[in-house]
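Based on the provided sequences and hints, a complete structural model is requested.
Chains as they are written, first to last, in the numbering used here: chain R, 1 to 424; chain A, 1 to 272.
Note that these hints are calculated values from the structure, not bench results.
Backbone N, C-alpha and C define an ideal beta-carbon position, used for all residues, glycine too.
There's no promise every hint is true.
A few chain A residues that face chain R, going by a derived Cβ cut-off under 7 Å, partial list only [to be verified]:
#1 Thr70
#2 Val95
#3 Met103
#4 Gln106
To be clear about the criterion: a stretch of chain A counts as covered by chain R if any three or more of its residues have a C-beta under 8 Å from a C-beta of chain R, and this derived list gives those stretches [said to hold, decoys possible]:
#5 122-133
#6 249-263
What follows is each chain in one-letter form.
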Amino acid sequence: MNAPAPHRGGAAEARRRRRHRADRLLRLLGLGAISLALGLLGVLIATLVIGATPALTQTKLRVTFAISPELIDPADPGIGAYRLILRRGVAALLPEQPTTMAEWREIGGIVTGNTQFAIRDAVMADPSLIGRNLTLTVPVSDAYDQLGKGLTSRDTPPERRKLSDREIARFDALTARGAVSRPFNWELITRSNSRFPETAGLAGAIVGSFYMLLVCFVVSFPAGIAAAVWLEEFAPRNRLTDAVEVNINNLAAVPSIVFGLLGLSVLIGVFGLPRSTPLVGGLVLSLMTLPTIIIVTRAALRAVPRSIREAAHGVGASRHQVVLHHVLPLAMPGILTGTIIGLAHALGETAPLLLIGMNAFITDPPGGILEASTALPTQIFIWAGSAEHGFVSRTCAAILVLLGFLLAMNAVAIYLRQRLERKT
Amino acid sequence: MNQSFQTHVAPIGAAAAKISTRGVDVFYGPKQALFGVDLDIPRNQVTALIGPSGCGKSTFLRAINRMNDTIAGARVEGEILLDGENVYDPVLDVVELRARVGMVFQKPNPFPKSIFENVAYGPRIHGMARSRAELAEIVVRSLRRAGLFEEVKDRLDAPGTSLSGGQQQRLCIARAIATRPEVLLMDEPASALDPIATAVIEELIDELRANYTIVIVTHSMQQAARVSQRTAFFHLGRLIEDGPTAEIFSTPRRRQTEDYITGRSAAQRPGP
Ligand SMILES: Nc1ncnc2c1ncn2[C@@H]1O[C@H](COP(=O)(O)OP(=O)(O)OP(=O)(O)O)[C@@H](O)[C@H]1O
Ligand SMILES: [Mg+2]
Chain R
1 MNAPAPHRGG AAEARRRRRH RADRLLRLLG LGAISLALGL LGVLIATLVI
51 GATPALTQTK LRVTFAISPE LIDPADPGIG AYRLILRRGV AALLPEQPTT
101 MAEWREIGGI VTGNTQFAIR DAVMADPSLI GRNLTLTVPV SDAYDQLGKG
151 LTSRDTPPER RKLSDREIAR FDALTARGAV SRPFNWELIT RSNSRFPETA
201 GLAGAIVGSF YMLLVCFVVS FPAGIAAAVW LEEFAPRNRL TDAVEVNINN
251 LAAVPSIVFG LLGLSVLIGV FGLPRSTPLV GGLVLSLMTL PTIIIVTRAA
301 LRAVPRSIRE AAHGVGASRH QVVLHHVLPL AMPGILTGTI IGLAHALGET
351 APLLLIGMNA FITDPPGGIL EASTALPTQI FIWAGSAEHG FVSRTCAAIL
401 VLLGFLLAMN AVAIYLRQRL ERKT
Chain A
1 MNQSFQTHVA PIGAAAAKIS TRGVDVFYGP KQALFGVDLD IPRNQVTALI
51 GPSGCGKSTF LRAINRMNDT IAGARVEGEI LLDGENVYDP VLDVVELRAR
101 VGMVFQKPNP FPKSIFENVA YGPRIHGMAR SRAELAEIVV RSLRRAGLFE
151 EVKDRLDAPG TSLSGGQQQR LCIARAIATR PEVLLMDEPA SALDPIATAV
201 IEELIDELRA NYTIVIVTHS MQQAARVSQR TAFFHLGRLI EDGPTAEIFS
251 TPRRRQTEDY ITGRSAAQRP GP
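What follows is the structure, encoded as structure tokens:
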């Protein structure tokens, strides 16, 4: 109906050029969007890494404490003038001995406030130390740590810094003697929370988060799969199941803090479960992951080709055999991936945990799901709100640890998916 | 409603039939795919279903073992009797029905499991083997009868989906006969096979006939003529005519049948 060569000539050429231009534009837009996203992510990570770097090391002081028998109760090594032992130990490293009470206090304050208890615990564990020397490498307190890392400038006017000139001089003397070191800060993940940033770590939060995810997984994985299988494979199509379906989708969109309120009023209020515990936290989080798992499981079940179900029905498999022997195994990679991503999501959830009291100050890792504990995101929340300088870098480091766990979980999801898919 | 003009050449009594259908309508949602099909399928014979694409051959086949139950919105009306029992009777166990009526689907659909497991699955869930050895024997025998054993004997652990299309189809045939059904429904079992594999399958069909009742859908007139004793011709959801294969091919009663088997379209047909 057209001219003999509809794809040649000026008009066709112009049309093609326009089309190619549109293609290029679309590609540029996509590239631009991705670069923006990656750029923002890069800025975020870089900020965190820079912020967290100081927390990777900890300034420490190597001190030899003389455990004089006359300072310790012979009947009970738990009772003794450990503060004096501490102060004398540090003072022995200094060129000038303190004369006033205030000077003694300052000297004791060079090391972290827990040190006298660390000495006491060592003596209680090994009473043969009495009468001998005990050498410990202890963290210095936050202000000296900041000074040691060069985060406090010596040029700041004295009234605007925490340490006086005299204190700085003492620290320099200790450094000159070689008693100060700055090793890698393993305590960040081996110790639990503390009032003092120099001894605060994430162990309690990591263990708490682990228990919580365990509870969450144990509750929501089987329940989610069972619900999805029923909805997808067995439920009749009627108003009731339609309503259930719509509400599951709604549930996935409920703000997490609402689940926290539910946990507070129902789990703690009505059922009397102990507050601040991984059990309650895990249950609240499973309310959040359950709809996610149901949705991904249903999608994975739906993605199993009809022909496989027909093949199984065709040899006379009953409905449950079709599901258990054929459909579910094929859907498993998708289900696992979705579940891990749901759990990763739960790991980073903060708001509901604040409501059920998982932001308490707890200095020991929980021994089980019934002991009070914190979680990684709530620990970050607590540290971010603390005044001491040392908590700033520790907060960044804690965020990196959390991101690391999230990344690891996603990597596991990808690995599992590829492995399971290769097998089928 | 329009069965009056349906011609049964050499009618076989419903009593002799393994399967007889009466007034079968099948709907997919609002769309009706089959209209009042009355057909008797005699035991120990091969019945071929022929007809143009989309005329409802697969739909009819799938109505017999209630495979349409698994399609949302599909509905079957009328009666389908298997040994005089209505397969749509609510008391009938559909699992048992499908064990008695095996099926080979139009598209090969092996399980994404090993070749061995594909064949062993049916016998295992129906408790047909008392030992691993017995099960292995069933698997080997079924594969051999489907003409696949020689090709796969060294890799029974390989996934069934790793086979070629034609091999997959033979695997599905082996899977279907492994449960020793009374009736075998085959939906274009040879459409993906080369002539040699087709010959193996046709031989198998002929051999199975002694013990089984076979319904086969085929687009190949030659195949219908070779393997079947009776042929039924479908057109636009209706059974146009059925009878002994030789008669359908030599002296069809109806114009549509003749046009179809001679390969003429309605437009080419000379005016009356
Ligand atoms: N699942 C389904 N949903 C809706 N309509 C369907 C479905 N399956 C088949 N149909 C319709 O029913 C009619 C008969 O289809 P059927 O598959 O039985 O044809 P057929 O004779 O087997 O064709 P072919 O030779 O191409 O396999 C067709 O019009 C088809 O569109
Ligand atoms: Mg078909």
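**Report entry** Unsatisfied constraints (hint numbers, rising)
**Finding:** As far as the earlier hints go, 4 and 6 are violated by this structure, in ascending order.
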